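*Asks:* Please work from the sequences and hints to get the whole structure.
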Amino acid sequence: MSIAIRNIKKRFGQFNALNDISLDIPTGELVALLGPSGCGKTTLLRIIAGMELPDSGSIAFHGEDTTEKHTRERQVGFVFQHYALFRHMSVFDNVAFGLTVRPRASRPSKEEIRQRVMDLLKLVQLDWLAERYPHELSGGQRQRIALARALAVEPKVLLLDEPFGALDTKVRKELRRWLRRLHDEIHVTSVFVTHDQDEAMEVSDRVVVMNSGKIEQIGSPDEVYHSPATPFVYQFVGNVNLFHGRVHEGWARIGAMDIPAPDLGQATDAPAIAYVRPHDIWITREREGELCVPAVVKDISRIGSLVRVELEDEDHNEIQAELTRSGAQHLQLNAGEKVFVCPRNVKVFLEPGK
Amino acid sequence: MSNANVTAPIPRNIATREATWVRWLLIAITLVFLTAFLFVPLLSVFVEALRNGVDAYWEALKEPDALSAIKLTVLVAVIAVPLNLVFGLAAAWAIAKFEFRGKSLLITLIDLPFSVSPVIAGLVYVLLFGLQGWMGPWLAEHDIQLIFAVPGLVLATLFVTFPFIARELIPLMQEQGKEEEEAAVSLGASGWQTFWHVTLPNVKWGLLYGVILCNARAMGEFGAVSVVSGHIRGFTNTMPLHVEVLYNEYNFVAAFAVASLLALLALVTLIAKTWVEWHTQRERSAAH
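Chains R and F, in that order, are what the protein sequence lines are. For what it's worth, my numbering labels the leading residue of the first sequence as 1, then goes sequentially. For what it's worth, my numbering labels the leading residue of the second sequence as 355, then goes sequentially.
Cross-link-like lysine-lysine pairs, in silico, DSSO-like; alpha carbons within 27 Å at most:
hint: 1; chain 1: R; residue 1: 122; chain 2: R; residue 2: 110
hint: 2; chain 1: R; residue 1: 69; chain 2: F; residue 2: 532
hint: 3; chain 1: R; residue 1: 9; chain 2: R; residue 2: 214
hint: 4; chain 1: R; residue 1: 156; chain 2: F; residue 2: 532
Just a sample of chain R residues kept apart from chain F, beta carbon distances all over 12 Å, derived:
hint: 5; residue: 131
hint: 6; residue: 235
hint: 7; residue: 307
I should point out that these hints are in silico values taken from the structure, not numbers from a laboratory. Note that the structure is a prediction, hence the values are computed from the model and not measured. Idealized CB from N, CA, C, for every residue including glycine.
*Replies:* This is the structure in structure tokens:
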């Protein structure tokens, strides 16, 4: 079931939650809505679910306009950050709820419901908890039950609102791998909201990066990480070094470096910002080529399998570099040492608002 | 440093712990107050009621006017409490789960009976529905008597006990949020199914608590009822009013006998209230 979102606008009082959002979600894809809090991602998800009404614009499921349809009729599965399990019902009754509230004519028999619920509980690997109550389960278990409950009604679309947001890091990592595998098994069109870029990168087929009610970029996790479309995406997705400079007819002058900026051929002596990922910073003792600047090593710290090096160039700009452990061993850097920094894959943007 | 310091149990909340004599003094003051203003009066009700023996006590309760007062009190409560139950649930559901214009006005209005003197509440109904009142002539024409009759008593009681259930449910429902309802609707449940299977079970203990308080007030209300009742013995006297009538006739044994029933009602209410509170707390600690 594909979803077509067209020109959705939504305001809450003076606050512009969604500003003309259009987005296509193809059948069977797992799409992440990624952005900082307040960017409108949850509002968009709730509009898809029919829990909020857009001020204007339309939503279509598989070509059929559902903008005016009630949540009840949209056949969406919704998973909440805080699970929203029915607290006074057993796990079994929670999962069975969507089937037992159906009108008599379309309601499966008791035995069929039982079979279906147990199959779903097996799918989420929690069939042994059927008789328990939500408060007896851990957070991770609750969220898997919530997912089973949403899947019980065979939704056309699965919507997840920060599904792992309330869980601790370890469970969160396990659960998102598990969600990815589950999606590969059942292939229901899914949209999930997250502010965690790692989560979006790891789980989704496509990432939609949002900021202040607008879509900044739509792309595969690789595209979003390696070729961000806007400065915002650069900063939001992954760590980044940032250099101020000027751009003139396709060339950016950043410090002592001349960096090609073919996208900005029209600009004449305009202020610009250059972005470089820390792992795209090379450190050498000998100057290699034009695109290197002298710098001083300030600090070296180890983070897991990486070595992070803090440097400072001649203009006192801080530069962050990430080396592999073997790369760092090979270099044998010491704090206070003078080296050359050579940025690669530099992306230049015009400074916004100027 | 002595060993005692190491082995002595560390008192909790050491920062807010008062000196021993302060604690004993506070407890003593509380006990004196409770004894003087609660236990002694309560005891005296029963002592006075049984002054002439158990037989006299039963006689006083079996007397037709007393029986009629008891029946009337139960009747008024049986009508007023369910009505306020429906109203309280509806108001709390609307306020906690939906956003609409005039919501804060509605909350203020629900609280109104708490801030208005019950006597004034009764007077308002007399002014509205009494013979000299705005709607009096019309009502008289159609042979409907509200004031100095049972409907008036029910109206006044309804007004006074208006806020109890709604006030109990609103914070509870607000705390629970509306995610469970949203989940139910997304699973295809109708509004009624959502209410019946999700909302109502989640607030059942709060609701029961509200009903108990509402019932206690409905049966014990004096001021508002007194104004609209007209004190017709055997017809429009509820138990509290009957107690007053008997007392004014210097019929102390009978007055205290009926009063003892109200006192018993209070005790039962207290026990029921504690029981419900215990359940609510258990459920709450289970939910977290």
